[in-house]
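Construct the entire structure; sequences and hints are all you get.
Now for the letters of each chain:
Protein chains: 2
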Amino acid sequence: MTGHTLPRAAILTIGDELLKGERVDTNSAWLARHLTRSGFRVTEVVSVGDPPEEIRHGLREARAVVGEGGLVVATGGLGPTLDDRTRDAVAEEFGRELVEDPELLAELEARFRSRGFDALPTPNRRVARVPEGARLLPNREGTAPGLVLEEAGIMVVLLPGVPAEMRHLVEGPFREVLEERFQGRGGAGVPVVRSIRTTGIPESALAERIEDLLSDTGAVNLASLPSVLGVELVVSATGPDAQRSVEEMMDTLLRRLEPWVYDAPSGDLAEAVLLRMRASGWTVAMAESCTAGLVSKRLTDHPGASEVFLGGVVAYSNTAKEALLGVPEALLREHGAVSAEVARAMARGACRRFGADAAVGITGIAGPGGGSETKPVGTVAIWTVTPHGETGGVERFPGGREEIRARAAQHALHGLLQVASNPWARDG
Amino acid sequence: MTGHTLPRAAILTIGDELLKGERVDTNSAWLARHLTRSGFRVTEVVSVGDPPEEIRHGLREARAVVGEGGLVVATGGLGPTLDDRTRDAVAEEFGRELVEDPELLAELEARFRSRGFDALPTPNRRVARVPEGARLLPNREGTAPGLVLEEAGIMVVLLPGVPAEMRHLVEGPFREVLEERFQGRGGAGVPVVRSIRTTGIPESALAERIEDLLSDTGAVNLASLPSVLGVELVVSATGPDAQRSVEEMMDTLLRRLEPWVYDAPSGDLAEAVLLRMRASGWTVAMAESCTAGLVSKRLTDHPGASEVFLGGVVAYSNTAKEALLGVPEALLREHGAVSAEVARAMARGACRRFGADAAVGITGIAGPGGGSETKPVGTVAIWTVTPHGETGGVERFPGGREEIRARAAQHALHGLLQVASNPWARDG
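Those protein sequences? They're chains A and B, same order as listed.
Sequential numbering of the first sequence, starting at 1, is according to this note's numbering.
Sequential numbering of the second sequence, starting at 1001, is according to this note's numbering.
Treat the hints as calculated values from the structure; they're not laboratory data.
One thing to keep in mind: the hints can contain errors.
To be verified - Ranges of calculated distance between the beta carbons of each label pair, as one might list FRET restraints:
hint, chain 1, residue 1, chain 2, residue 2, range
1, B, 1352, A, 175, 52 to 60 Å
2, B, 1097, A, 136, 51 to 59 Å
3, A, 251, B, 1121, 29 to 37 Å
4, B, 1205, A, 111, 28 to 36 Å
5, A, 267, B, 1374, 29 to 37 Å
6, A, 209, B, 1105, 25 to 33 Å
What the hints assert, rightly or not - Here are some chain A residues the structure puts well away from chain B; computed CB gaps all over 10 Å:
hint, residue
7, 176
8, 181
9, 192
10, 219
11, 348
Said to hold, decoys possible - Sample of chain A residues facing chain B (criterion: CB under 10 Å; computed from the structure):
hint, residue
12, 29
13, 34
14, 286
15, 310
16, 367
17, 400
What you are looking at is a predicted structure, and each value in this text was computed from that prediction instead of being measured.
Yeah, the Cβ is synthetic: ideal placement off N, Cα and C, and Gly gets one too.
Have a look at this one:
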């Protein structure tokens, strides 16, 4: 991977709740993504607690990591309560006074009057005290403005921790500051970033197919982000030819990886399936055993799923497979619950019972118990029925219970997408 | 909150994907919660990229923050690929050699042979090279073991970044190491830690009931960890009276919060329900509309669920509610799909179709569309049927689609647990 030297950025999130694990810190990932896409190389994310000495320590660490010309974005601790100590800590760290900003004070007073208060409550008055020389970023979503300071060639931006306020400030008032300071003359420019998502191909097999591209990406950066559900490839570049270079790389990747690529606004394969079903005018139902509702849950994670998804049966017991999906008892006896035959009967039963055009049957052994010599833990039979035909078989997935179920659900969704996309799928 | 000095811990997460915001770092919050619950004060969370110099920097920062007697938990970068550099970086930072562990190597070779490989692939052989003197934590969920090192009085633990593997190691093999080192004789405080989990009571209402305890906890620490699913209260103390003080506080909390408290080894309410059902000798089925399989999925997250859970119907469409659960069309017309009447008919239908002793019917509007003046987004009807009687009604949950569904699923499980625990529940 090659590429240009990007300005460095560090993210500092502030709040005791982050250190107790009371809240997953989603601000960091959002900011990291935003800054990466804005042409920064994010070099560190640090979370510290509310005590001023911890905030000061975090600030020193973040500034040291980015160095001169860098950017530090801090979130949290700007509210009116006594445990909001970011303003004080930053003022102290930079040896600046906290001064009441008369304009901000007037604005806060007007806001509280309009809400029926006689006067600004004392705690809220604290919000108007800002470090000397700080530039204010007006906050339409809340009371505390963002604050921008420059110190020793490093830009430090303080933002509220409430995600909606933070995002509004970053996408609005802060954008101008960023462009002015980093993307003007001398800056690296805004990078062009695109990504494609793949599923159903192991990372190693994928890497083999694009080995030459990975070892020499030319003018673009190529990053591979694997997970249990698949591999995402992120292509980025900066400079005058960025757009063309990225498009060329995307074309090459799509050509080589076509059977495994899917596209969905959310990045979730389940959404790609819903979109494909809607385009085909098909309805869909699920017959799940070992995944026990996971595929249904994933399909319905997306608003509007009800236009396509009619429902599903979680047939955990054999009796349920018989009673609710009409799987013949003889089939269960002859082939066992975990067999392509039973998965097929489940899928066909779901189509029939729900009156759906398409369905998937999933039956397997997620473990830790229930495995045998011929059908070890991880064995999952998956069968897909669509108006285009049927396809399916018995898979063996690695990992523990959770991973096996996640992989089986993903495999089922991928199968459905593939048969739906290909009218010449074999008949079952 | 008062209390004693707790040993300090820092969390270091490693991986370029975290700095690009391509993945939300859920490991940190999980670890922070776990360590807080285990009696540590987590003082900092740091995320760095894959380059060895960044890992080394992060390691130095984390060690500096916890100081002697502290704990550093690092995740990520232990896999077989070339961008997994944690082993190398740590060895270099501590001036130790990387040595091939013959036992680990033999184990890896055996694993790959059993998967049909002739030999261990070269990249995977890297996993067997560990820093001299490191203690290995066996990883049943993946190939890379956890590694424990002691350096200058600080314990450094390296764990894989895959959440399932990380959690398995922390809850299993690492627990013993922790107890031995921090909670035994000579440990940095010998804390006694207990926790209780509550659900179905908002954090503010809970805080009101224990206001006096929160303002003066006497000899113990009392931490409140809220989430969408409920509030966990962690009680800890050190010193000679720790055991007694903690027990007393636990008794008081249990007395005051009894209707909302549940108990399960995994901390998951779904497991508490399974245990209660098993104890009662009941089987259970689900009839889900808006939660669309989420309750079924949660129940089956736990091995052995099949002894109790027979299955469920995800009845997303009205037709499915009629065809698969026998909900009368007239009832749907008269009361609407989101009504206590329909939820009840769904639950009864599930009992009948699956031949189950107990069932819950859930039907609601998760949004963003589908709300109305009288039934806004967040309206969810939940009805529980058990041999002890029936109970249910219409709830209104805050939040977006995901949160509403998570809250509805939790509420359904809580209802089931409550009716099952109380033979005098009202008849519906």
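Comparing the hints with the structure gives:
no. : hint                          : result
1   : B:1352 with A:175: 52 to 60 Å : holds, 59 Å
2   : B:1097 with A:136: 51 to 59 Å : holds, 55 Å
3   : A:251 with B:1121: 29 to 37 Å : holds, 31 Å
4   : B:1205 with A:111: 28 to 36 Å : holds, 29 Å
5   : A:267 with B:1374: 29 to 37 Å : holds, 36 Å
6   : A:209 with B:1105: 25 to 33 Å : holds, 30 Å
7   : 176                           : holds, 22 Å
8   : 181                           : holds, 21 Å
9   : 192                           : holds, 15 Å
10  : 219                           : holds, 19 Å
11  : 348                           : holds, 15 Å
12  : 29                            : holds, 4 Å
13  : 34                            : holds, 7 Å
14  : 286                           : holds, 7 Å
15  : 310                           : holds, 5 Å
16  : 367                           : holds, 7 Å
17  : 400                           : holds, 5 Å
In summary, the structure agrees with every hint in the numbered list given earlier.
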